[in-house]
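S.K.: In case you want the letters, here they are:
2 protein chains.
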Amino acid sequence: MNIYELIKKKRDGGELSKKEIDYMINGFIKKDIPDYQMAAFLMAVFYKGMTARECVDLTMTMVDSGDRVDLSGISGFKVDKHSTGGVGDTTTLVLAPLVAASGGIVAKMTGRELGHTGGTVDKLESIPGMKVELPKEEFMDIVNRIHVSLIAQTGTLAPADKHIYALRNVTATVDSIPLIAGSIMSKKLAAGSDGIVLDVKTGVGAFMQKYEDALELARTMVDIGEGAGKRVVALITSMEQPLGYAIGNAIEVKEAIDTLSGSGPQDLVDLILELGSNMLLISGVCGSREDARKRIRENIDNKKGLAKLGELIKAQGGNPDVIGNTGLLPQPKKIIEIKAPAGGYVESIDALEVGLSSKVLGAGRKTKDEPIDLSIGIFLKKKVGDEVRKGEPLALFHSDGDSSKVEAAKEKFLNAYRIGPKKISPPRFFYARVSKDGVEELK
Amino acid sequence: MNIYELIKKKRDGGELSKKEIDYMINGFIKKDIPDYQMAAFLMAVFYKGMTARECVDLTMTMVDSGDRVDLSGISGFKVDKHSTGGVGDTTTLVLAPLVAASGGIVAKMTGRELGHTGGTVDKLESIPGMKVELPKEEFMDIVNRIHVSLIAQTGTLAPADKHIYALRNVTATVDSIPLIAGSIMSKKLAAGSDGIVLDVKTGVGAFMQKYEDALELARTMVDIGEGAGKRVVALITSMEQPLGYAIGNAIEVKEAIDTLSGSGPQDLVDLILELGSNMLLISGVCGSREDARKRIRENIDNKKGLAKLGELIKAQGGNPDVIGNTGLLPQPKKIIEIKAPAGGYVESIDALEVGLSSKVLGAGRKTKDEPIDLSIGIFLKKKVGDEVRKGEPLALFHSDGDSSKVEAAKEKFLNAYRIGPKKISPPRFFYARVSKDGVEELK
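Here the protein sequences come in this chain order: A and B. What the first sequence shows, in my numbering, is residues 1 to 443, in sequence order. What the second sequence shows, in my numbering, is residues 1001 to 1443, in sequence order.
So that you can see chain A by itself, here it is in the shape it has in the complex (with noise of 0.2 Å):
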């Protein structure tokens, strides 16, 4: 086999085989393959892209890169779930014990991420005594037992996309759908799940701005998994705000328990019950998307969602007890007050800048090593199509108390915000469902 010939193949628009892909991945990770000849090659993907086959066959090289999560010690059907980019988004945090609690089983290991804010392996440390660390027997013998664990990963899943991920990001090859698609798929395959339930993030704050890539994108990642034996199904939804009012660690714990007790954001209920009936949808557990998301809707009304991830935080060496007083998670030095600099009603919030100014205040990390002070994040006071007077607050910054963190973190938070004279609708926030049966359009 000639790498030459294949860039050239792909080039042309042709299809590579499962062999020849093979061999142009594990030669760039063994660099026997030179970082020149696989940018252009990802060029030449990013114009011709690639077939459905090519895709599942290009992830599962990825796959193969590294080591597989082997859940096969836990019984049952494990469903994960994947959001391609959110900000303020947690939902795993309330997904996952409201799926366990409603008959799913949520086995996730999930990375200390990098970004606008910790993973959500941080926002689980914000919980007093919570362990994220645990031996793999003792996180399978934890799901074995109450359905559900998150923990922090540990082995190295496809690093052939780490490696492809990082040359993509300095080659202007990163927006290509079927790499992207690879990239994330790799890594969820990887993580070993039965089922996968994607939320692909469409609007101005989201890496897919435009709904038909969005679409196109969701399409291809179920093909994959559906191609890799897995159950898949991807929803499209709206990104033109961050989701509910907490961004940060602690207080989307807090915004997660609230949630769970009854009083979570509408936008953040919505997604729940919509990324959970599904879920239990591909489980086995419903047999009807209508009869799953009452049974989410119960387990929310009668806490029984509430009280799993209370056995979680026991299971996990965290004190419980959190889950009745949310004064136990870290709690800020000092509340600052955001005020509105004019009046009018909110007409845009660009949830990126939102993020990385909450990474200003000091909620995110730069290094993976890097200690975050959990306490630090931003709640919303005000969201699309709310009223706002000058003066009135239009979010609390929960700081530690460095002034020049906050003055920065207010500057890029100020310009996220657009307010205007006239009354708009909150914007859209379902647009799609993709499975392997088709797309069928939500509202």
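Careful, some of the hints might be misleading.
[As the list claims (entries may be wrong)] Stretch-level coverage of chain B by chain A, calculated; a stretch enters the list once three of its residues show a Cβ under 8 Å from a Cβ in chain A:
{"no.": "1", "region": "1005-1018"}
{"no.": "2", "region": "1043-1051"}
{"no.": "3", "region": "1154-1162"}
{"no.": "4", "region": "1169-1180"}
These are computed hints drawn from the structure, not numbers from a lab. Model, not experiment: these values are computed from the prediction. For glycine and all other residues, C-beta sits at the position ideal for the given N, C-alpha and C.
Dock chain B against the given chain A, drawing on the hints supplied.
M.R.: Just chain B now, kept in the frame of chain A:
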């Protein structure tokens, strides 16, 4: 400026400024911009092309990366000629003295090329005593005196092109018309002449197999050259079979002498008339192509072109008697007839394969410093359209007597010939003439 943004701009079909192109190319040469980013950029250019303005700017940036030959010490309009790859392309040896004899000025520094056969410099070295490495002052002095000199290139012309070409060659980004045009024109513009006649080959044996591609390449090169203030004309000619009969070094010098003596192969003579008349026209020596053509024709018939070759040889230290006695050229150890394996009509001759077989026979070099046996070459006895009987010679191999080379070359050579039962007419030779005034079809 940010390299990532420049790749993205081109990826999305944008036009780069001169400053941006400079930043990119110079950064690459200085190794500030890594190979992989350049490779992604080149692939984006492959798909998105470059505007006429970008092509000029890219070319001039590459010219500025190295030395320029300063021909200002030579008075008058200096005219150059370039062929986009040819097999058995004896034209320079015929054209240079003929144009000089007709009133033009040819001051040509030429490289020692790798490839199927030696370059022009190697061919000249088969003339006893002929020096091709002369001090620049002597070169200019000769041109001022007799209006022609051909020597080996000194200095480094357009080194950026060399680096970029090396990367294109391993990333499947060679066949991009803006990049090919920039590569050729950067070297021609650095070579210092005031006008250039380009011979763009098309057909099975050529780089541009399709006429449309050859036309686009011709147009792009003319635009670049005129944009850089030079007078440029391009002819699109056939490369369906080797030009003339001789492929090699001494053997091509002999063919050149025969052509200047009035007994050249028809296709070579036709090409000489077409290229030469355009060289005289852009030099301002003649007012029309018809007049120029007539003058070239006369200077073949009256042997003034041949006499000029004698002057050139003498001026560069060679033995001018060679023009009257080609027996003074290096003679092969052995001449071997290559017999037709079947009878019929020659349907096609793959020029590239014939070139490669002459290399296998020993007429070319693999590394820049390797000596060549200048006596080796192939003399064709049959061309497309000719009738041939089984066992009749297709060609004569001028060999050093190494039978293993002969066997290998013979196999390759016979593969290049297709002989069929039906009489066919020789292929079309001239397609079009491209100048700043437009495209004119030639018959």
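S.K.: Of all the hints given earlier, name the ones this structure violates by number, lowest first.
M.R.: 3
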